[in-house]
Amino acid sequence: MKTWKKVLSGTVLAALAATTAACGSGDGGSSGKKVTLTLLSHYNGNNETALKPIIEKWNSENPDIQVKLTPVDFGELLKTIMTKQSAGQVADIMHVYTLWGGQLAKSNVLAEAPQSVADDVAQNYPEAAVKGASLNGKVFGYPTEVQAYGLFYNKKLLKEAGYDAPPKTWDEMLEMAQKIEKRDSSGKVLVQGFGFQRGYAGLVDQPFMAMMAAAGSPLLSDDLAKSNLDGDAGRKTMDFYSKVYGKNGITDIAFNTTKGFGAGQVGMTIGAGWWDGSLKTLMKDAYADVGEAPMPTPDGGAGGTMAYTWAYGVNSKSKHQEEAWKFLQWLNTQTDDSGMTPEGKFLLDTFNVIPSRKSDLQSAKVQEVLQSSPSAKLFADALNNALDEQSPAAGMEVQDILYKQIESMWTDQIQADAALKNAHEQIGAKLAEK
Amino acid sequence: MRRFKFKRETLLAYSFLSPVLLFYMIFLMIPVVFSVIISFTDWGGFDFASMKWVGLKNYRSIFSGQSSFLHPILTNTFVFAFGGVAISFVAALVISYLISRMRFEGLWRTMFFMPAVTTVVAIGNVWYYMYNPTNGLINGVITALGFRPVNFLDDPNHALLSITAVSGWMGIGSAVLLLSAGLKGIPHDYYEAAELEGAGQFRQYTRITFPLLKPTILFVLITSFIGGLQSFTLTMVMAKSGGPGNSTNVGALEMYNQAFSFGNWGVASAMAFVLFVVIFIITMAQLLIFRKGGVESY
Numbered sequence: 000m001k002t003w004k005k006v007l008s009g010t011v012l013a014a015l016a017a018t019t020a021a022c023g024s025g026d027g028g029s030s031g032k033k034v035t036l037t038l039l040s041h042y043n044g045n046n047e048t049a050l051k052p053i054i055e056k057w058n059s060e061n062p063d064i065q066v067k068l069t070p071v072d073f074g075e076l077l078k079t080i081m082t083k084q085s086a087g088q089v090a091d092i093m094h095v096y097t098l099w100g101g102q103l104a105k106s107n108v109l110a111e112a113p114q115s116v117a118d119d120v121a122q123n124y125p126e127a128a129v130k131g132a133s134l135n136g137k138v139f140g141y142p143t144e145v146q147a148y149g150l151f152y153n154k155k156l157l158k159e160a161g162y163d164a165p166p167k168t169w170d171e172m173l174e175m176a177q178k179i180e181k182r183d184s185s186g187k188v189l190v191q192g193f194g195f196q197r198g199y200a201g202l203v204d205q206p207f208m209a210m211m212a213a214a215g216s217p218l219l220s221d222d223l224a225k226s227n228l229d230g231d232a233g234r235k236t237m238d239f240y241s242k243v244y245g246k247n248g249i250t251d252i253a254f255n256t257t258k259g260f261g262a263g264q265v266g267m268t269i270g271a272g273w274w275d276g277s278l279k280t281l282m283k284d285a286y287a288d289v290g291e292a293p294m295p296t297p298d299g300g301a302g303g304t305m306a307y308t309w310a311y312g313v314n315s316k317s318k319h320q321e322e323a324w325k326f327l328q329w330l331n332t333q334t335d336d337s338g339m340t341p342e343g344k345f346l347l348d349t350f351n352v353i354p355s356r357k358s359d360l361q362s363a364k365v366q367e368v369l370q371s372s373p374s375a376k377l378f379a380d381a382l383n384n385a386l387d388e389q390s391p392a393a394g395m396e397v398q399d400i401l402y403k404q405i406e407s408m409w410t411d412q413i414q415a416d417a418a419l420k421n422a423h424e425q426i427g428a429k430l431a432e433k
Numbered sequence: 000m001r002r003f004k005f006k007r008e009t010l011l012a013y014s015f016l017s018p019v020l021l022f023y024m025i026f027l028m029i030p031v032v033f034s035v036i037i038s039f040t041d042w043g044g045f046d047f048a049s050m051k052w053v054g055l056k057n058y059r060s061i062f063s064g065q066s067s068f069l070h071p072i073l074t075n076t077f078v079f080a081f082g083g084v085a086i087s088f089v090a091a092l093v094i095s096y097l098i099s100r101m102r103f104e105g106l107w108r109t110m111f112f113m114p115a116v117t118t119v120v121a122i123g124n125v126w127y128y129m130y131n132p133t134n135g136l137i138n139g140v141i142t143a144l145g146f147r148p149v150n151f152l153d154d155p156n157h158a159l160l161s162i163t164a165v166s167g168w169m170g171i172g173s174a175v176l177l178l179s180a181g182l183k184g185i186p187h188d189y190y191e192a193a194e195l196e197g198a199g200q201f202r203q204y205t206r207i208t209f210p211l212l213k214p215t216i217l218f219v220l221i222t223s224f225i226g227g228l229q230s231f232t233l234t235m236v237m238a239k240s241g242g243p244g245n246s247t248n249v250g251a252l253e254m255y256n257q258a259f260s261f262g263n264w265g266v267a268s269a270m271a272f273v274l275f276v277v278i279f280i281i282t283m284a285q286l287l288i289f290r291k292g293g294v295e296s297y
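Going down the list, the sequences are from chains A and B.
FYI, in numbering that gives the first Met the number 0 the residues of the first sequence are 0 to 433.
FYI, in numbering that gives the first Met the number 0 the residues of the second sequence are 0 to 297.
These are calculated hints, taken from the structure and not from any lab test.
A hint or two may mislead.
Lysine-lysine pairs mimicking PhoX-like chemistry, simulated, CA-CA at most 25 angstroms apart [as the list claims (entries may be wrong)]:
1. B:Lys51 with A:Lys316
2. B:Lys56 with A:Lys429
3. A:Lys225 with B:Lys56
4. B:Lys239 with A:Lys429
5. B:Lys51 with A:Lys83
6. B:Lys239 with A:Lys258
7. A:Lys429 with B:Lys51
8. B:Lys239 with A:Lys83
9. A:Lys78 with B:Lys239
10. A:Lys67 with A:Lys33
Take these sequences, add in the hints, and give me the full structure.
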């Protein structure tokens, strides 16, 4: 470290020490005293309720290592991690979305996994999951959710419009959407034919990347140095996006697709596999109307989709790393009588998602679900031809650029060509910077 | 001997001041100097070892043609701050004058002050639902009157103005409080004398009330402008990342996202200093204008 950095860090640390001295937890590190680990996760609401009994079980069996769950809304999780980190209030365990990997690695937020954990992950998870839980080729934690995108549709609304099956091509999807759409005399949407969910970058960009993958290309080049938006798949996807909202769109951007689908007012949308479990809880009997299908493709041929990964990691600044890894090993590897891990059971019961750990996959319960739940099987099968979500160091900025260009196009601030050109150039420039 | 005495007194004064000076050193000077330094670096926010000196690169990038910081972000910041202040100031000027002549003045003042003591997040969420195009209260009235619903927050032509209106509404209470206090400080004798001389209400307002209220007006305008230029919570609650596109994005929100979402602390600090210069220039301009109008201090 250069002298100026030493002086700077010394001064700042002295100032921070003065202000944080009174804030210490008083826990005894790895000295054998009771420690309380904080777990920062986006599992809030119903998901928090489902995760809590698992943590309580660990807490009752391990009085010296207590785990406290801190749930944060997904849209705020990265900001919360970064804010807490800079304020010195580090969470010991973090559930991270692997798109953030490059950025977290740049700031040395995540600790490298112990060799036993790295070996276990390498041997017991599929390649895509291992890749998702690794930074610069080194495993940083346990992969949890590996989620693929697919088409969600409302069977009842499709039937009312005269359709017995979901669309196979993008043109069919638009044509069916126009027939399903219903408005009142003032133009207010009563039933939306097809809509994209909105609210934050990931919600808009991930379906975009899934559609690009269905059209045959990832968003970025394999070396993460260039944007592929100017290719055929990028152009076709942006063109499709431009036909959904805006002046020439088939529906109104003001209609809330997420809420509308749960209320049985949306014909079709794109979503990740985990959404099925949430819809089941939310819609109750009306869930029988929900159908899922592989991502439609531009020409109806075999296509792909995009899959993203979440993983549990330990904070490099945590004083209780050893205890944190003990908890994570229990959560992700300890099997019960049914042959499932606590994490595997949580994923299956809460989201109807097939866990990726081999022992969970081989368990009788998972095999039974694969036989009885078409949705779980569909999204598990989709992983076979899914492209991994790419995570360059500027991953969040890349998503922000694409999101803002799409939103600008949807609100008629720019045309589709300009949105594509701007996003392609700005993403390229951002990747070149890093 | 006299010189020695002066030194002793000075030392004593500084020793009394030292706790405050130490406080300012820790909580003001060090963060400010630290921010200046990191505006010349590439830094993710936590690990000093990863800090890289990049000179003026961050400043060049925010002033480059591809950057959205100057336009639309800084432009939006001005519209938001000026618009919010204009709404709250004009409304507060009228309201404070009217309620100072009404019964139950304290009750009215409390009512207008209520938004100022409510959290911005709560206010932002309430207005977010009121603006909702499908089932919001405002659109309910609009459609009941036979008009088409307005996409207040999804239409870039309306979104910034919709949020600015909420900001202005929120600012009325504190401005009313300050202006009411200013009005109470004007001796009643002046009005009696003016009335005896035949001056009407309007003349009394323009010749007595307004000139004597200028120091308070200056204070209200300066603090409201600074608050408006630094504001980001309301935008974050109502428009998340400043959308659609960048149509409601403001300087402070962009800094927050650069630092905490993207890990670009250097860029965020450079933006903070540009905004500091802007606020400084505007504040100086306000002081100059009021000084020319006869206000020496407030």
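Cross-check of the supplied hints:
no., hint, verdict
1, B:Lys51 with A:Lys316, "holds, 21 angstroms"
2, B:Lys56 with A:Lys429, "holds, 14 angstroms"
3, A:Lys225 with B:Lys56, "holds, 22 angstroms"
4, B:Lys239 with A:Lys429, "holds, 22 angstroms"
5, B:Lys51 with A:Lys83, "holds, 22 angstroms"
6, B:Lys239 with A:Lys258, "holds, 18 angstroms"
7, A:Lys429 with B:Lys51, "holds, 17 angstroms"
8, B:Lys239 with A:Lys83, "holds, 20 angstroms"
9, A:Lys78 with B:Lys239, "holds, 13 angstroms"
10, A:Lys67 with A:Lys33, "holds, 13 angstroms"
When each numbered hint is compared with the structure, no violation occurs for any of them.
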